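Place chain B on chain A using the hints.
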Amino acid sequence: MFGYIRPLVGQMLVSENELYRSIYCGLCRAMGQHTGCASRLSLSYDFVFLAAFRAALLGIPFEIERHRCAVHPLKKRTMAKDSDVFAYTARAAAILNFAKLKDDIADESGRKRLRAKMLVPGARAVRRRADGMGDLEGEITKSLTALSALENEGCASLDETAEKFGDVLGTVFAYGLTNTERCIAHEVGRAVGRFIYVTDAADDAADDAVSGQYNPILRLYAGDGDVSSLLAKRTFSDRGGRTQTRTRLTTDIAESIYISALNDLSKLQNALELIDFTRCQPQTAGIIKNIAYLGMPEELRRVLALT
Amino acid sequence: MKDPYTILGVARNATDDEIKKAYRALARKYHPDNYANSNLADVAEEKMKEINEAYDAIQNERAGGSTGSHYGSAGGFYSQNGTSSDFANVRRLMNEGHFSEAELILDATPQSGRGAEWNFLKGCVLLKRGFVFDAQKYIETAAYLDPTNLEYREAKQQMRANASHYGSPYTTRQYSSCSSCDLCSTLICADCLCECCGGDLIRCC
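Chain order of the listed sequences is A and B.
No gaps in the numbering here: position 189 of the first sequence is 423 in the numbering used here, and each next residue is one more.
No gaps in the numbering here: position 46 of the second sequence is 1465 in the numbering used here, and each next residue is one more.
Since the hints were made in silico from the structure, they are not lab data.
Please read these numbers as outputs of a predicted model, since none were measured by experiment.
C-beta atoms are modelled at their ideal positions from N, C-alpha and C, and glycine is treated no differently.
It is possible that part of the hints are untrue.
Stated by the list, open to error - Cross-link-like lysine-lysine pairs, in silico, DSS-like; alpha carbons within 30 Å at most: (1) B/K1466 to B/K1440; (2) A/K523 to B/K1468; (3) B/K1440 to A/K523.
Claimed, not checked - Computed spacing ranges between beta-carbons, pair by pair: (4) B/Q1576 to A/T481: 29 to 39 Å; (5) B/A1527 to A/T375: 35 to 45 Å; (6) A/T479 to B/E1573: 28 to 38 Å; (7) B/S1519 to A/E489: 27 to 37 Å; (8) A/E252 to B/T1591: 44 to 54 Å; (9) B/N1568 to A/D460: 23 to 33 Å; (10) B/A1527 to A/E371: 19 to 29 Å.
Next up, chain A with everything else stripped away, as it sits in the complex (with noise of 0.2 Å):
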């Protein structure tokens, strides 16, 4: 959906690294065949956290098939064999990107509304095949509505807005589970939202800046006040590696955000020790903790131009 939940590769294990792709190419092929072709251009890196914690979570160990795709029609690919842990993945995403795109039009304003408008006939067609779910459709839903309501009141703080999307995705997360596992996963779906929410808000400070659109970073900052002081050019490098000058937020506040969504993740960790890992591939549990302990806060680190 956003794409900000991925592992940091650097520091991952060579067979980590190619469980992960495997595990992205499977899902990206079992999304054709549960929701259509046209969900899989919705595949994130997000869904792929998804279904990754999902296994870790449930003990079932992902089957490695080779198989040629589309995309690469050259070379046979490693894919994880599909279960139902992706059947889920891909009905969960159809739902959550069809939800997400009607919010966005009842919402954003400009390009990003346009592109919303664009999008909703294919995701609408997707979510008719991810049959059954209904009841997380309507709780995911309300969840983003009430968000809704407080970002148009213009809520002043960043941690009930947060909140709200960590419910969306808590509620996606624990969909389907039960006692303790649903407990497990709805706290780590939660941590997952509020950071995803927070890192999207890091992300489009400047741009909301200029166009005057609400942004709780901007609120809480500045209040009703002056946001041009809350911004500077700073320089920093992309997930390339190239060098870039843009106005971000200013590296006091990058700091400030930056300290607190580390003091945050820690109930995401605190979730986390709670997961029985010796159930899973070895390989698997490994690509949870990279992404949680450092590819996410990399992804922030990034977002807020702090090297």
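Okay, now just chain B, sitting in the frame of chain A:
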């Protein structure tokens, strides 16, 4: 019941010290303080119980008799120093655990009365609710308004310390590396060996 050694993650032939160390690490990990205000408090408590039982079982099995010391609870977040304070009643309420009442009083304070201490207390109340992003802003404001105050500075440092601990022990995995210390001691060793054979590697020693 599961094997107590598996629960603590130690070998059957581990020494008492190793077991104690493993137990302490786990107890710290699942300590109720880490899960305060969390939906996972029950799960963590169960895990804690399991660890305690496993530890006791091993202790009994080894006929040590003693049940070992348990992890003490961490101190409160805010200090209770005796300095005169505009918000003495708010602090009193917070010490007694009435955080929502304390917050009501803070929110009712007029804009003019919102100095460093107000920001600090507001930050602490928010932190208690798990609102870290908002809390961080208030605590930093407090430290900015009154840079000499130790209490505010400590709270700010605490946030930083928590942040730097995120992901450990996973993020602090030690790869066998060669530090400058290793390099020096290796060179000195090599020098000694050379001198034994009548040569010299480092002239000055």
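Taking the hints in turn, this is what the structure says about them:
1. Between B/K1466 and B/K1440, the direct Cα distance comes to roughly 17 Å. Compliance with the 30 Å bound is thereby established for this hinted pair.
2. For the hint linking A/K523 to B/K1468, the alpha-carbon distance of about 25 Å falls within 30 Å, and the restraint holds.
3. Among the hinted pairs, B/K1440 with A/K523 is consistent with the structure: their alpha-carbon atoms are about 23 Å apart, no more than 30 Å.
4. Remark: the range hint 29 to 39 Å for B/Q1576 to A/T481 is upheld by a beta-carbon distance near 31 Å.
5. Between B/A1527 and A/T375 the C-beta distance comes to about 36 Å, which sits within the given range of 35 to 45 Å.
6. Between A/T479 and B/E1573 the C-beta distance comes to about 37 Å, which sits within the given range of 28 to 38 Å.
7. One distance hint, 27 to 37 Å for the beta-carbon pair B/S1519 and A/E489, holds here, with the actual separation near 31 Å.
8. A hinted range of 44 to 54 Å is violated for the C-beta pair A/E252 and B/T1591, which are about 25 Å apart.
9. In this structure, B/N1568 and A/D460 meet the distance hint of 23 to 33 Å, their C-beta atoms being roughly 28 Å apart.
10. Checked against the hint of 19 to 29 Å, the C-beta distance between B/A1527 and A/E371 comes to roughly 41 Å, which is inconsistent with it.
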